[in-house]
Amino acid sequence: MTSLQQVLAKGEFAVTAEVAPPKGTDTAEMMENAEFLRGKVHAVNVTDQQSSVMRLGSLASCRLLKESGFEPVFQLTTRDRNRIALQSDLLSASVLGIENVLCLTGDHITLGDHPQAKPVFDLDSVSLLMAAKGLTGGTDMAGELLEGTPAFHLGAVVTPGYEPMELQLLKMERKIKAGAQFFQTQAVYDPELFRRFMGGAKELGVPVLLGLVLLKSAGMARYMNKHVAGVSVPDSIIDEMKKTDDKVATSIKLAARIIRQTRGDVSRGPSDGNGLGTVCAGYSHGSRHIDLTTEGKNNTGMPGNCDAGLQMN
Amino acid sequence: MIGQTQKPLEEILGYLQGKEKVVLVGCGGCATVFHTGGEPEVKEMADTLSKHGKNILATVAPPFGEFTCYAPWSKERLSKYRQEIKECDAILMLSCGDGLQVVRELIIEEEFGLQKPIYPATNPIGHMGGGPSLFKEKCQQCGECELGRLAGICPFTQCPKGFLNGPCGGVTKDGKCEVDPERDCAWVMIYERLKAFGEFDRLREMREPKDWSKMQRPRKIEVAPLSLE
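Protein chains in written order, with our numbering: chain A, 0 to 312; chain B, -17 to 211.
Hints are computed from structural coordinates only; laboratory data are not their basis.
Backbone N, C-alpha and C fix where the C-beta goes; we use that ideal spot for every residue, glycine too.
Please note: incorrect hints may appear among the correct ones.
Computed from the model, here is a short list of chain A residues facing chain B with C-beta under 7 Å [as the list claims (entries may be wrong)]:
#1 104
#2 120
#3 122
#4 123
#5 125
#6 126
#7 166
#8 170
#9 173
#10 176
#11 185
#12 228
#13 229
One chain only, chain A, in its complex shape:
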């Protein structure tokens, strides 16, 4: 059992943060960024060529981070690999000691830096979860028996701001049936929207890690409202970012406030089998480092084990 899995099983507040592999072989910055998170997160989420931009692989990066003492969450998309390659990568992850796997379809190729590539999408996120769960049961998708069976802690993503919400909840339900043991959400800025979402999601009884992406500016918020599906930043937050003299401090304050405002919605503990109080902290590269440890203690009332190290411009 991975330690993220143990934390979630206990119904405790968990924090993960994203680490992006570099475009190239110089892993120094990725490892430096990860250092900011040491001791502050339960796991680091390692992206799989996010936004369809070709980069160093998630699996190799996960292994490097693991060797450095971090617990990785291996993000795996179906965009670039067929079911043979995906199952093989899952087995590879297992022998490299990586068991947290976030199963995604991935952004479409047209959104990335190699729009001429042939999109694969042999499986989607649901069937990838089915395949991964199948491997843990000792068989591959063809029904062939495995020599040595992997164990995985399988995650999936969900978009609380998706309309119609009923359809998104239905997809979430499918992902759970397929094998998802935890969820990470798209970035949330609107606690009211998240509350409505959790109203439907809680009864599914699977831990939900709220997604946070720190705002760098009002412009970034407006851009996301316009261009990022499922993300909705309320005007009041945009105003706060616009008026502030210290964007970094305000951004951290806003993130802490969202955690505080939403914790009640997700944190009923395991006793009622509902969603758990967990946060997936978005992580962005930048020049200044701020430790949410202090913010957490002073502003969010989070217990000591849910500090998040966050870095931003």
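Assemble the complex: chain A is given as a structure, and chain B must be docked to it using the hints.
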């Protein structure tokens, strides 16, 4: 129908470099509808190539309805031009790739016993329906039609990611696709239609991954010949 566009003239002239005597073959089917190989386009291409110094031995423009990809028809039509085809340096096909390859393999090679350079004048862009002016790709001939379970909307074709288990997170607030903001999300449409028909529970059915082996190319099929008498 096979949607198609005309190739740039430079590309066509490039293929025909060093080939003086040319036979042009159009198509009375899709290429006529898409204005890439009907009678007017074959004639226009003949004029253009003449201006570029080509000697057009024959212009074969089947009437509307006579598909060049249907070998019995092409055989009959092209038999009238057997001599010109024998003499020519190259054949230019104003048809889709099916038309070109049927003519190359079944008529020029098998029927006439000739080996001739044959070049395309069009870029086929998909199997599509609609008209008279707007055509859309709706079906990719996957070999196992799922429309009965998907409210008459094919997500393999309509959804850029080919989702079989509901929408991705990339749907815009007005139900459009992140890949193409002009396009309606297939899964939002499926959801709305199934809901309207009282078949919402169909969306709860877990689906096995698509069996792509039915799309293993090249596919073929043998049927009883059509009687056109």
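Each hint tested on the structure:
1. 104: It holds, given that the least Cβ distance between residue 104(A) and chain B is near 6 Å, below 7 Å.
2. 120: Since the shortest Cβ distance to chain B is 5 Å, the answer is holds.
3. 122: holds, 5 Å
4. 123: At 5 Å from the nearest chain B Cβ, residue 123(A) passes the 7 Å test, so the hint holds.
5. 125: holds, 4 Å
6. 126: With a closest approach of 4 Å, the residue 126(A) hint holds.
7. 166: Where the cut-off is 7 Å and the nearest Cβ of chain B is about 5 Å from residue 166(A), the hint holds.
8. 170: holds, 4 Å
9. 173: holds, 5 Å
10. 176: holds, 6 Å
11. 185: Status holds, d = 6 Å.
12. 228: holds, 5 Å
13. 229: holds, 5 Å
Of the hints listed earlier, there is not a single one the structure fails to meet.
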